[in-house]
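> Sequence:
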Amino acid sequence: MLQIPELLAPAGDLERLRYAINYGADAVYCGLPEFGMRSAPANFTPEQLAEGVIYAHARGRKVYLTMNTLPTNEEADRLPEAIKEAAKAGVDAFIVADLGVLDACKTFAPDIDVHMSTQTGITNWAAARAAYNMGAKRVVLAREMTLQDIAILRDKTPPELEIEAFVHGAMCMSVSGRCLLSNYMAGRDANRGQCAQPCRWKYYLSEETRPGQLYEIGENENGSYILNANDMCTAPFLDLICKAGVDSLKIEGRAKTFYYVASVTAAYRRALDAYLADPLNDNFELPAEVYEELTRTSHRHYSPGFYFGREQARQATDSATYIREWEFVGTVDGWENGVASCQQRGKWSLGDTLEALCPDGRSIPLNPEWIENEAGERVESTPHAMEKYTIPTPELPPMSLLRRKTV
Numbered sequence: 001m002l003q004i005p006e007l008l009a010p011a012g013d014l015e016r017l018r019y020a021i022n023y024g025a026d027a028v029y030c031g032l033p034e035f036g037m038r039s040a041p042a043n044f045t046p047e048q049l050a051e052g053v054i055y056a057h058a059r060g061r062k063v064y065l066t067m068n069t070l071p072t073n074e075e076a077d078r079l080p081e082a083i084k085e086a087a088k089a090g091v092d093a094f095i096v097a098d099l100g101v102l103d104a105c106k107t108f109a110p111d112i113d114v115h116m117s118t119q120t121g122i123t124n125w126a127a128a129r130a131a132y133n134m135g136a137k138r139v140v141l142a143r144e145m146t147l148q149d150i151a152i153l154r155d156k157t158p159p160e161l162e163i164e165a166f167v168h169g170a171m172c173m174s175v176s177g178r179c180l181l182s183n184y185m186a187g188r189d190a191n192r193g194q195c196a197q198p199c200r201w202k203y204y205l206s207e208e209t210r211p212g213q214l215y216e217i218g219e220n221e222n223g224s225y226i227l228n229a230n231d232m233c234t235a236p237f238l239d240l241i242c243k244a245g246v247d248s249l250k251i252e253g254r255a256k257t258f259y260y261v262a263s264v265t266a267a268y269r270r271a272l273d274a275y276l277a278d279p280l281n282d283n284f285e286l287p288a289e290v291y292e293e294l295t296r297t298s299h300r301h302y303s304p305g306f307y308f309g310r311e312q313a314r315q316a317t318d319s320a321t322y323i324r325e326w327e328f329v330g331t332v333d334g335w336e337n338g339v340a341s342c343q344q345r346g347k348w349s350l351g352d353t354l355e356a357l358c359p360d361g362r363s364i365p366l367n368p369e370w371i372e373n374e375a376g377e378r379v380e381s382t383p384h385a386m387e388k389y390t391i392p393t394p395e396l397p398p399m400s401l402l403r404r405k406t407v
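The opening residue of the sequence shown carries number 1 in the numbering used here; numbering runs sequentially from there.
No lab work stands behind these hints, which were simulated from the structure alone. Be aware that one or more of the hints could be misleading.
[To be verified] The calculated DSSO-like cross-link candidates involving lysine-lysine, where the alpha carbons are at most 27 Å apart (straight line), are:
#1 Lys84 with Lys62
#2 Lys243 with Lys62
#3 Lys156 with Lys243
#4 Lys137 with Lys88
#5 Lys405 with Lys256
#6 Lys256 with Lys347
#7 Lys88 with Lys62
#8 Lys388 with Lys405
[Stated by the list, open to error] Here are the computed distance ranges between Cβ atoms for each label pair:
#9 Pro398 with Asn133: 29 to 37 Å
#10 Ser206 with Ile4: 53 to 61 Å
#11 Gly346 with Gln48: 20 to 28 Å
#12 Gly334 with Asn367: 16 to 24 Å
#13 Asn133 with Glu289: 42 to 50 Å
#14 Lys405 with Glu369: 17 to 25 Å
#15 Asp103 with Leu214: 47 to 55 Å
#16 Pro33 with Asp333: 57 to 65 Å
#17 Glu377 with Thr406: 23 to 31 Å
#18 Asn373 with Lys84: 44 to 52 Å
Even glycine gets a Cβ: it sits at the ideal position worked out from N, Cα and C.
My request is simple: use the sequences and hints to build the entire structure.
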């Protein structure tokens with residue numbers, strides 16, 4: 001019987017939750033201000049969580065709540081209330097890393113599934129089986145595992161244990177994200193959602209008898225990015241991840257914009273659907289337009305991560321900057337009689353190369369002949385933040401997004 005993997009997308013807030021779901025996610029993961037491994041503002045209030053669960057469930061989707069920090073004694077005292085409040089909201093699972101949190105979830109919300117976070121550092125079948133024996137429904141694997149590692153883990157664990165793996169997004173230089181650099185260098189705890197990303201900083205070499213005299217380690221004028229990881233992109237071999245036994249395909253990025261979430265989710269929805277259309281085909285080919293979509297969001301150089309071994313998980317030692325060939329500039333709130341009602345999220349001008357990204361993943365070129373502002377005036381550009389305007393377009397569904405080519 002064909003196993004149909006779940007597509008799991010990040011949701012930093014209600015807006016991102018809605019876009020993730022409308023652009024193809026089967027489930028989303030999100031967090032509350034406490035226990036969730038992300039500092040504000042990429043979090044929900046309890047009221048927003050309840051609203052998000054209602055929105056997701058009405059569309060047949062799921063919501064998982066991250067509670068994967070390592071709590072202090074004082075925080076552990078507040079766990080029961082947080083768990084009971086989340087259970088009341090109707091979340092479908094808790095994502096945890098701490099054994100005390102696991103036990104508390106089982107005690108105060110016994111009917112809700114528990115997933116073991118990637119922060120647990122599960123890299124082998126024995127750890128996965130132990131998590132299952134402690135009551136976990138799912139394990140989120142460490143990014144350092146290869147396809148072969150995953151296949152072995154799947155073979156040696158109970159079939160009832162679900163396997164979740166990251167398929168796209170940023171990678172950490174430390175094993176499973178357990179890093180102390182940020183805490184040591186900036187006083188910001190990466191294991192509490194406050195990473196300052198010192199692995200992306202510029203570094204120079206200094207000789208102790210020559211203070212203030214800095215030497216570049218590499219050839220680039222920007223310094224040397226000796227710890228800088230590439231972004232992961234697995235869309236071209238998504239079939240192999242599915243065939244290795246992965247039940248949930250996870251996109252990284254709770255702190256990313258809703259445009260990023262929408263674009264990447266739509267691309268992986270199309271990639272997964274392409275695989276499921278012919279799952280017995282050993283010569284899976286990713287549609288070219290799907291990979292092209294993944295280049296239209298802000299990203300670092302792509303790599304396959306560790307799935308084919310460590311030699312493939314190369315670093316980008318020349319730059320830590322993002323590649324931005326397209327810029328998100330607006331939302332489409334409605335369409336009628338050949339005219340789209342839009343809201344500004346970035347400036348663009350008549351004559352710019354413009355596209356609309358639709359919830360079904362289609363990318364539609366646009367060449368509007370005019371822009372009309374709220375006062376009914378024809379203008380040449382959209383310079384004002386959040387201003388509303390109309391433009392002539394082909395038919396566009398609600399929640400379509402506008403973007404402008406920058407290079």
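> Each hint needs a verdict: does it hold in this structure or not?
Verification of the supplied hints:
no., hint, in the structure
1, Lys84 with Lys62, "holds, 18 Å"
2, Lys243 with Lys62, "holds, 23 Å"
3, Lys156 with Lys243, "holds, 15 Å"
4, Lys137 with Lys88, "holds, 20 Å"
5, Lys405 with Lys256, "holds, 20 Å"
6, Lys256 with Lys347, "holds, 20 Å"
7, Lys88 with Lys62, "holds, 15 Å"
8, Lys388 with Lys405, "holds, 21 Å"
9, Pro398 with Asn133: 29 to 37 Å, "violated, 47 Å"
10, Ser206 with Ile4: 53 to 61 Å, "holds, 55 Å"
11, Gly346 with Gln48: 20 to 28 Å, "holds, 25 Å"
12, Gly334 with Asn367: 16 to 24 Å, "holds, 20 Å"
13, Asn133 with Glu289: 42 to 50 Å, "holds, 45 Å"
14, Lys405 with Glu369: 17 to 25 Å, "holds, 18 Å"
15, Asp103 with Leu214: 47 to 55 Å, "holds, 50 Å"
16, Pro33 with Asp333: 57 to 65 Å, "violated, 29 Å"
17, Glu377 with Thr406: 23 to 31 Å, "holds, 27 Å"
18, Asn373 with Lys84: 44 to 52 Å, "holds, 49 Å"
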